[in-house]
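Residue numbers (our numbering), protein chains in the order written: chain R, 1 to 252; chain E, 1 to 106; chain Z, 1 to 147.
It is possible that some hints are incorrect.
For lysine to any residue, the following SDA-like pairs were computed, each having C-alpha atoms within a straight-line distance of at most 20 Å [what the hints assert, rightly or not]: (1) K74/Z x T52/E; (2) K74/Z x F131/Z; (3) K11/E x K21/E; (4) K87/Z x L55/Z; (5) K49/Z x T26/Z; (6) K74/Z x D81/E; (7) K21/E x L41/R; (8) K21/E x T97/Z; (9) K21/E x L50/R; (10) K31/Z x K134/Z; (11) K21/E x E136/Z; (12) K74/Z x R33/E; (13) K74/Z x I78/E; (14) K21/E x T96/E; (15) K49/Z x E19/E; (16) K74/Z x S60/E; (17) K87/Z x S60/E; (18) K21/E x D39/R; (19) K21/E x R80/Z; (20) K59/R x D39/R; (21) K74/Z x K21/E; (22) K49/Z x I138/Z; (23) K87/Z x R47/Z; (24) K74/Z x T76/E; (25) K87/Z x G15/E; (26) K11/E x S102/E; (27) K74/Z x F32/E; (28) K74/Z x V57/E; (29) K49/Z x T76/E; (30) K87/Z x K44/Z; (31) K21/E x R104/Z; (32) K13/E x I138/Z; (33) K21/E x D40/R; (34) K65/R x L103/R; (35) K21/E x K87/Z; (36) K23/R x L164/R.
To be clear, the hints were calculated from the coordinates, so they are not data collected in a lab.
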Amino acid sequence: MNRLLVILLVCVALPASAQDARKSGFAFMGPDTQAMQTDDLANPGMLSVLEGEALWNAKAGTSQKSCAACHGDAPQSMKGVATRYPAFDDTTQAPLDLAGRILQCRTERQGALAFQREGRELLALTSYVGHQSRNMTIAPSQDTRLAAARAQGAALYSTRVGQLNFSCAQCHDDNAGGHLGAAPIPQAHPTGYPLYRLEWQSLGSLQRRFRNCLSGMRAEPIPAGSADAIALELFLMDRAAGMKLETPAVRP
Amino acid sequence: MARALINVPQKAKRGEIIEIKTLMSHPMETGFRTGLDGQLVPRDIIEQFVCTYNGEVVFSAHLYPAITANPFLSFTTIAADSGTLVFSWTDNKGETQVQTASIQVE
Amino acid sequence: MNTTRRQFSLLTAGASLALVTPARATPETMKESIQAFTGGKPIKEGRVKFDISLLVENGNSVPLSVLVDSPMTKDDHVTRIGIFNEKNPLPDVAIFTLTPRCGRAQIATRMRLNDTQFITAIAEMSDGTYFSAKSEVIVTMPACVEG
Chain R
1 MNRLLVILLV CVALPASAQD ARKSGFAFMG PDTQAMQTDD LANPGMLSVL
51 EGEALWNAKA GTSQKSCAAC HGDAPQSMKG VATRYPAFDD TTQAPLDLAG
101 RILQCRTERQ GALAFQREGR ELLALTSYVG HQSRNMTIAP SQDTRLAAAR
151 AQGAALYSTR VGQLNFSCAQ CHDDNAGGHL GAAPIPQAHP TGYPLYRLEW
201 QSLGSLQRRF RNCLSGMRAE PIPAGSADAI ALELFLMDRA AGMKLETPAV
251 RP
Chain E
1 MARALINVPQ KAKRGEIIEI KTLMSHPMET GFRTGLDGQL VPRDIIEQFV
51 CTYNGEVVFS AHLYPAITAN PFLSFTTIAA DSGTLVFSWT DNKGETQVQT
101 ASIQVE
Chain Z
1 MNTTRRQFSL LTAGASLALV TPARATPETM KESIQAFTGG KPIKEGRVKF
51 DISLLVENGN SVPLSVLVDS PMTKDDHVTR IGIFNEKNPL PDVAIFTLTP
101 RCGRAQIATR MRLNDTQFIT AIAEMSDGTY FSAKSEVIVT MPACVEG
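The task is simple: from the sequences and hints, build the whole structure.
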């Protein structure tokens with residue numbers, strides 16, 4: 001009897017202990033913007049996914065191979081890949097983000113000209129690959145060689161910078177849920193990238209999002225694809241471990 | 001390379017009113033914005049949207065720069081006969097993109 | 001420069017400085033556009049249900065929908081729906097041409113809004129009468145825009 005009660009209590013207690021104060025930026029948006037994200041036929045990010053699919057199947061470069069020629073069907077081969085990036089790259093002995101991995105395949109394996117970071121094609125392919133992990137939980141790579149970069153990202157996140165002397169943490173940890181002007185301050189979880197930002201009127205990467213916050217802080221931008229940008233992404237993905245990917249999300 | 005997302009139900013009952021949604025990949029550059037070089041960015045917008053159903057125009061729209069980038073349009077039509085819906089988007093330079101969808105009416 | 005007194009609110013003020021403000025529509029130019037649409041005919045209120053958020057997070061994309069009370073028959077249908085605004089660079093937003101084959105006089109789209117303002121939807125009926133509805137939209141700015 002007693003034992004039964006204990007088991008019951010455990011069952012009841014479980015969901016509570018699993019309760020998570022972390023929230024995706026989705027939770028901070030108005031109903032119209034949420035509806036735009038959840039309806040694939042209203043989500044402009046899906047246009048990029050569609051374009052990514054076409055690029056996936058297009059032959060390119062000196063190899064005249066498509067991504068599909070080596071990887072087959074993306075819904076199978078790319079499922080879950082985005083949940084564990086950035087990852088450690090053996091060739092360069094450095095952390096690599098998903099866009100960087102795609103660029104690597106493009107230049108070294110397809111023998112094609114590199115796509116531009118933040119360019120339309122790279123965003124399309126990254127969102128197509130990312131979309132294959134939609135609704136899957138973020139599962140950061142456990143490779144110990146990533147630890148140093150992750151720590152560097154944590155430091156970047158909590159260090160005050162710029163003319164206004166702000167850190168990311170001051171807004172996204174200390175004041176999350178509050179407002180900056182009229183905009184709610186989210187917790188900065190990178191659950192939806194690349195995503196369609198209404199402000200950009202286009203798709204953009206997490207690293208472009210960094211640039212926006214840094215410019216608000218009157219701080220130097222962190223170049224996309226740089227070691228710092230990847231370190232910050234590593235830290236944020238780790239901080240969001242277990243949360244669901246939404247790619248392509250919509251944000252104001 | 002513009003692309004569009006369109007939803008037309010594959011099957012419908014005769015006489016049923018169906019909702020059609022279209023999302024077109026397009027910057028809808030207003031012509032009112034200045035670029036990084038200080039020059040006005042030239043206008044580049046979809047001006048005309050037309051939907052025909054088995055050759056007959058059922059719905060059309062004239063769009064101005066106030067319509068968002070990647071224009072979204074939704075409207076309804078009566079499922080009359082099996083056949084083809086043709087969607088066309090024409091920009092201010094006169095270039096037209098066309099997509100089709102087929103529907104089976106029972 | 002004294003930065004110690006700078007607060008969050010200043011951040012947003014700075015961000016909005018980056019916006020360009022071109023020549024604008026005014027309530028008067030909107031009236032002219034509406035006159036051109038109706039040919040100066042009188043406009044009645046009613047029959048038009050205009051759905052647009054009162055408060056939007058980003059003026060770059062404001063969803064709206066219009067539903068007009070009409071049987072949509074050959075003899076009695078909505079021929080056009082026009083959307084007009086007071087403060088964007090141009091007063092016209094879109095003009096939709098409908099046919100009885102639409103079955104229902106219902107459209108939805110997304111528009112850009114420069115500022116808090118009234119938006120007007122006008123329906124033209126096949127008998128040459130006009131009906132309208134208007135709605136105020138309050139636009140808030142997102143923070144941390146592209147610098």
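Open item on the list: Name the hints, by number, that the structure is in violation of.
Closed with: 5, 11, 12, 17, 20, 21, 23, 25, 27, 30, 32, 35, 36
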